[in-house]
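Chemist: For the protein sequence lines, the chains are A and B, in the order given.
So the first sequence is numbered by this note's numbering: it starts at 11 and just counts up by one.
So the second sequence is numbered by this note's numbering: it starts at 586 and just counts up by one.
Treat the hints loosely; a few may be bogus.
[Stated by the list, open to error] Computed from the model, here is a short list of chain A residues facing chain B with C-beta under 8 Å:
id, residue
1, N19
2, I23
3, M127
[To be verified] Below, a list of computed lysine-lysine pairs in the PhoX-like style, where the Cα atoms sit at most 20 Å apart:
id, chain 1, residue 1, chain 2, residue 2
4, B, K612, B, K628
5, B, K612, A, K44
6, A, K110, B, K663
7, B, K613, B, K628
By construction, these hints were calculated from the structure, which means they are not laboratory data.
Each residue gets a CB set at the ideal place from its N, CA and C atoms; glycine is no exception.
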Amino acid sequence: MSTTVTTPNELEIRVERTFDAPRTHVYSVWTDPKLIPEWWGEGTTVEEMDVRPGGTYRFRTAHGVVEGEFREVEPPARLVQTFMNHLQTLEFEDLGEQTKLTQTMRFETTEQRDTSMQYGVEKGAKAGFERIDAVLEKIAA
Amino acid sequence: MLERLGAGSAAISELAEPFGMSLTGMKKHIRLLEEANLVTTEKVGRARRCTLVPYAFEGINTWLQRLDRFAQVVQRTKGAR
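Work the whole structure out from these sequences, hints included.
Modeler: Right, dumping it as structure tokens:
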């Protein structure tokens, strides 16, 4: 299934992807704490997953703790949640035997948005180190 | 130093030692990294501990890989519910 990534305005990244399963199934997998370790990576433990407006989630992963708060919960169509430094809106569209997920990530600044957009996988780590180099150069200056 | 922090939080003195840096010098480094939002620090007893900000370096490609794994879980559990 193909995925499209766009930047609809100055603050957002939008990811669209169609899954080959009915909407209720896709939504239930997304919110199932027992299945989260399977897609968040080995060693992930779910410490909290309270899928209600105002409820919070917290996963301990190999790369650190991920946490946020659910702002809007409308099963099986829509979730709005904070995720680290940005706000995510997840819309699950019913296409019968398929489901289209539209995920909109809204950042506070264009700079933060662009940083997330630019970082690749290995490139991400490298860009991170370059940022650190830039910071350390400031000390020398 | 970041490799060390990748393995878990550390006291500033523990970070300074292997590089033969003074505590004051390392504190200055840490403060700049903190301003850049790459690390956080907190006071634990008399020492200040430093932690890498989780996912500070996560980009969109990492997220797309995670979505691929999510799609696999959707497929695997399809029929089972």
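Chemist: Are the hints correct? Go through all of them and say.
Modeler: Now for the hints, and whether the structure bears them out:
For the restraint placing N19 of chain A at the interface with chain B, the shortest Cβ-Cβ distance is roughly 16 Å, beyond the 8 Å limit, so the hint is violated. Interface restraint check: I23 of chain A against chain B, minimum CB-CB distance 6 Å, threshold 8 Å, status holds. A least Cβ separation of about 6 Å between M127 of chain A and chain B falls short of the 8 Å threshold, and the interface hint therefore holds. Straight-line distance between C-alpha atoms of K612 of chain B and K628 of chain B comes to about 13 Å, which keeps the hinted pair within the 20 Å bound.
Proximity of K612 of chain B to K44 of chain A is assessed by CA-CA distance (about 41 Å); at most 20 Å being required, the pair is judged violated. With a C-alpha separation of about 16 Å, the suggested pair K110 of chain A and K663 of chain B falls inside the 20 Å cut-off, and the hint holds. A threshold of 20 Å between alpha carbons decides the hint, and for K613 of chain B with K628 of chain B the separation of about 16 Å falls inside it, so the pair holds.
The structure does not agree with the numbered hints 1 and 5 stated previously, though it agrees with the rest.
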